[in-house]
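Each chain, letter by letter, is given below.
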Amino acid sequence: MNKRIDNKDIVKNYIFLLIPLVLFSCYKNGYILFNKNLVTLLYVFKPLIMFVTAIIFAFLIELIYSNIKKVSIMGTIADSYLPLYGALFSLIVPVNINPLLFIFLLILILIISKLKFIKLNTLVLGRILFVIISLIIGKYTYLNVYEENVLVSYDLWDIILGKSVGASGATSIFILTIIFFVLITKNYYKKEITLSLGGTFLILELILVLFGNMSKLNILVDSEVVFASLLIAPLLTRSPYTKIGKISYGIVIGLLGFILCLFIPKEGIYIAILLCSIFIKYFDLLEDKLPKRRAKNES
Amino acid sequence: MNKYINISKNFIKKRPKDITLKLDSEFIYIPLDESSKILFNPGKVLKKETIIAMNNDNVPLINPVSGVFLGIKEMPNFENKNIKTLVIKNNYKEETSKKIASKRNLSKYSKEVVLLIMQRLNIKTNNDKSLFREIDRNIRKIYINALCDEVNNYNNEFRLLHNKDLILETISALNTIFDLEESELLIKDTCTEVISVYKEYLGSFPNINLRLIKDVYPISRYEVLQRYLKLDSKDLVIDLEDIYRLGYALKRQRFVTEKLLTISGPVVIDPQIYELKIGTKLSEILDIKEIKEKYDIWINNYLEQNKLISNELIIDNNVNALIITDKNRNLVKPCNNCGICYNSCPIGLNPKKLDQKEVNEKCLKCGLCSYMCPCNILIHKKEGISL
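Top to bottom, those sequences are chains A and B. First residue of the first sequence? That's 0 in numbering that gives the first Met the number 0, and the numbers climb one at a time after it. First residue of the second sequence? That's 0 in numbering that gives the first Met the number 0, and the numbers climb one at a time after it.
Next up, chain A with everything else stripped away, as it sits in the complex:
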């Protein structure tokens, strides 16, 4: 068929959209540090190297998979979602991650993603594994070399423009917002999840503010939450597809994520996504349980 859109177009579009995040990460976690003589020139490009490595490994895994399964290599590679998973994974881990740990986790999540019976959001699984391993080895931090050496205090503008502490590609709310506005024009982007998740967070924040706890206001402008809401929760293959499923999925992640974020900042939203992704199938089944969608069409 003369297709309107193909898997490879979707992956390609996503990866192109992620490039500004990678470049910004090179600036924030590399160039600024290089100017202060804290890192080498090669380190400036570490986010980009991680990004490219992840995509290359994704192709290698597909190559091995197609050899094992004896299926067409070109057909498998051209339509694979693994490069997207790899690219996103390189952005949800901190830039100071141990390269060996990064490669290990990357291969692990790529292999798990190929297993059809596991329907979890594997990217989040990778992030949680990173947190657990980092905690075990005592190196759990999202601070880059500069942030580790100085006492940083970011105001709202710093946070929005991307100077906040966070994973490699998850610091600039400004760039993420632009990406969101591009993605909502695409028919494959599950914007209902993002909007319902964001809406739930906003309502809960307002409730919290009304009860006088202003200190928690920063949850809404946490770039990790924005990144997860925009790119990880609505992950194409690992989220519900029905309208009711998508909205309820976003709301539940929002509720659960907000509560968890109060206790585990940065990781709460990811834990919520991981837990909800176990029940993706059931969110879609809600459509049958609730009144028919687009009821006017039934006339």
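Some hints could be false.
Unchecked claim - One-sided excerpt, in silico: chain A residues whose CB lies under 10 Å from chain B: (1) Ile4; (2) Asp8; (3) Ile9; (4) Lys69; (5) Thr176; (6) Tyr187; (7) Ile279; (8) Glu286; (9) Lys288.
Hints listed in this document are in silico derivations from the structure and should not be mistaken for laboratory results. Here a beta-carbon is modelled for each residue, glycine too, at the ideal position from N, C-alpha and C.
Go by the hints and put chain B onto chain A.
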């Protein structure tokens, strides 16, 4: 609100230059309903337009040529199913028992007569042949559906251009007969030639409006059109071809025995539009054996993915176009749960639940979900890897 999808820009359009007449078929095959009662025995010589069989709804089956009734034979139809057909051997005499007559003013017909003719012609309004009985009460407007979903099917365009007088006269007469203020002729906004011609002619028919409809898929289906134009049960939609058949019957007091067939597609160098006898066997106009080796041939609509298998296909009123395309080489991949099919369904169904009877019955089988699927799954045919 569904977002309507324009697919035509994704396809190469090949427009035939003019109509080619192919009215000399040796054999004619008339599809037979299960309920039809055959009125003649094999061996009988029949005149053209003889009623050869009658079904339970009193809809007659018309013999489109004069010739010998040979008997019953199973032949493939547009769904590639073998159906019973009445076989007539053409004697090329075109003998008819009726004199050629012409009624000057169609508005003089009574409502009852028009309704009876509509029933005899099996004309469907709002996709339901029984609805025409209600045409005489509470009708607000008649919409003439001259839209076509297949971008390379030019039947309606040629019909509009070649039979404009009869079509406009019939619509105008229907307005008078049924006391309607006006009717609307629905044409795609991309049919520029038709639009310019009709703009000149419609000045003489103040009770007919030309309504330009966006070229979105599958707008010609009643269910989609109903939502798009926000129609209710007081609005009647009648297909252009039915208006032509009705007008022909009213004007000449005869049945239409010919039909148009477009043969086109992105790979066709010289697209054709044929006028041929209803019931002609495909092999009499086209040998598909060689074409099938290199290309795919689709019946009526590429997106519906109804592939032509047999050279023996009977071209009845359900076959309007043959679309020839390159062989489909897209690999089918497992469903990625993207939900594009769900978002693109023009009537808001969940294509992944087509195995449920309730959903399957409502499905238009338009094929938009399959076309939009990035994994190349033939969702509407329930083919490919399990969803």
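Hints, one by one, checked against the model:
Against a cut-off of 10 Å between C-beta atoms, the interface hint on isoleucine 4 of chain A holds, since the closest Cβ of chain B lies about 5 Å away. Interface restraint check for aspartate 8 of chain A: the shortest CB-CB distance to chain B comes to about 7 Å, inside 10 Å, so the restraint holds. Interface hint at isoleucine 9 of chain A: satisfied, since its Cβ lies 6 Å from the closest Cβ of chain B, which is below the 10 Å cut-off. Below 10 Å, beta-carbon pairs count as interface contacts, and lysine 69 of chain A has none with chain B, the closest being about 14 Å; its hint is therefore violated.
A least Cβ separation of about 23 Å between threonine 176 of chain A and chain B goes past the 10 Å threshold, and the interface hint is therefore violated. The restraint placing tyrosine 187 of chain A at the interface with chain B holds, with a minimum CB-CB distance near 5 Å, inside the 10 Å limit. Proximity of isoleucine 279 of chain A to chain B holds as hinted, the smallest CB-CB distance being about 8 Å (cut-off 10 Å). Because the smallest distance between the Cβ of glutamate 286 of chain A and any Cβ of chain B comes to about 7 Å, under 10 Å, the interface hint for this residue holds.
Annotation: lysine 288 of chain A was flagged as interfacial toward chain B, and the flag is violated, the nearest CB pair being 13 Å apart, outside 10 Å.
Violation of the numbered hints given earlier is confined to hints 4, 5 and 9; the remaining hints are satisfied by the structure.
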